[in-house]
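Taking the working numbering, I'd label the letters of the sequence shown as residues 9 to 157.
Simulated from the structure, these hints should not be mistaken for laboratory data. Just so it is clear, CB atoms sit at the ideal spot from N, CA and C, and this is done for glycine as well. Careful: at least some of the hints might be erroneous.
[Stated by the list, open to error] Now the in silico label distances, taken between C-beta atoms and shown as ranges: (1) Thr46 x Trp93: 35 to 45 Å; (2) Ala109 x His153: 13 to 23 Å; (3) His153 x Asn35: 28 to 38 Å; (4) Thr46 x Gln128: 22 to 32 Å; (5) Asp97 x Phe145: 22 to 32 Å; (6) Ala98 x Ser130: 27 to 37 Å.
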Amino acid sequence: MEQAIELAVENVLSGGGPFGALVVKNNEIVATGVNLVTRNNDPTAHAEVVAIRAACQILGNFQLTGCEIYTSSEPCPMCLGAIYWARPDAYYFACNRGIAAEAGFDDALIYSEMGLAPGQRSTPGYCVLPEAGLRVFEEWSRNPHKIPY
Numbered sequence: 009m010e011q012a013i014e015l016a017v018e019n020v021l022s023g024g025g026p027f028g029a030l031v032v033k034n035n036e037i038v039a040t041g042v043n044l045v046t047r048n049n050d051p052t053a054h055a056e057v058v059a060i061r062a063a064c065q066i067l068g069n070f071q072l073t074g075c076e077i078y079t080s081s082e083p084c085p086m087c088l089g090a091i092y093w094a095r096p097d098a099y100y101f102a103c104n105r106g107i108a109a110e111a112g113f114d115d116a117l118i119y120s121e122m123g124l125a126p127g128q129r130s131t132p133g134y135c136v137l138p139e140a141g142l143r144v145f146e147e148w149s150r151n152p153h154k155i156p157y
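All chains should be modelled from the sequences, with the hints used to inform the complete structure.
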């Protein structure tokens, strides 16, 4: 955890966001990540996502079974989703979302909107051509070469 926090501090001192993360397997650091949102002009370049992407490349697998993730702050909804998709054994964080909110990183809106129907959200979503879109999943279901995840 101390290394994740130190990554975050170093990132702040170099002009980045206050977040650091690392992926560990068998007590060895596989990959690290820092918040690169403003540096890369990429709203998805959160520390956890950066670390997960790097670890998956290094391990040659899209799942992080047998790994743990350490992050300097409680993961935002996007990062939490990425963590669940990566399937590590556990994740650990130093600061909770309340502390992050006090520093200007408030995810409360996203958490509150998750329970709303897409059309009721502050950035509304609309289902278009669902019957046509179903073809994608039909093809997936029939594909004998698919890799389930």
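Now the hints, each set against the structure:
1. Thr46 x Trp93: 35 to 45 Å: Because 25 Å falls outside the window, the suggested range is violated.
2. Ala109 x His153: 13 to 23 Å: This hint is violated: roughly 45 Å between Cβ atoms.
3. His153 x Asn35: 28 to 38 Å: holds, 36 Å
4. Thr46 x Gln128: 22 to 32 Å: holds, 31 Å
5. Asp97 x Phe145: 22 to 32 Å: With a Cβ separation near 30 Å, Asp97 and Phe145 satisfy 22 to 32 Å, so the hint holds.
6. Ala98 x Ser130: 27 to 37 Å: holds, 32 Å
Consistency note: the structure conflicts with the earlier hints numbered 1 and 2.
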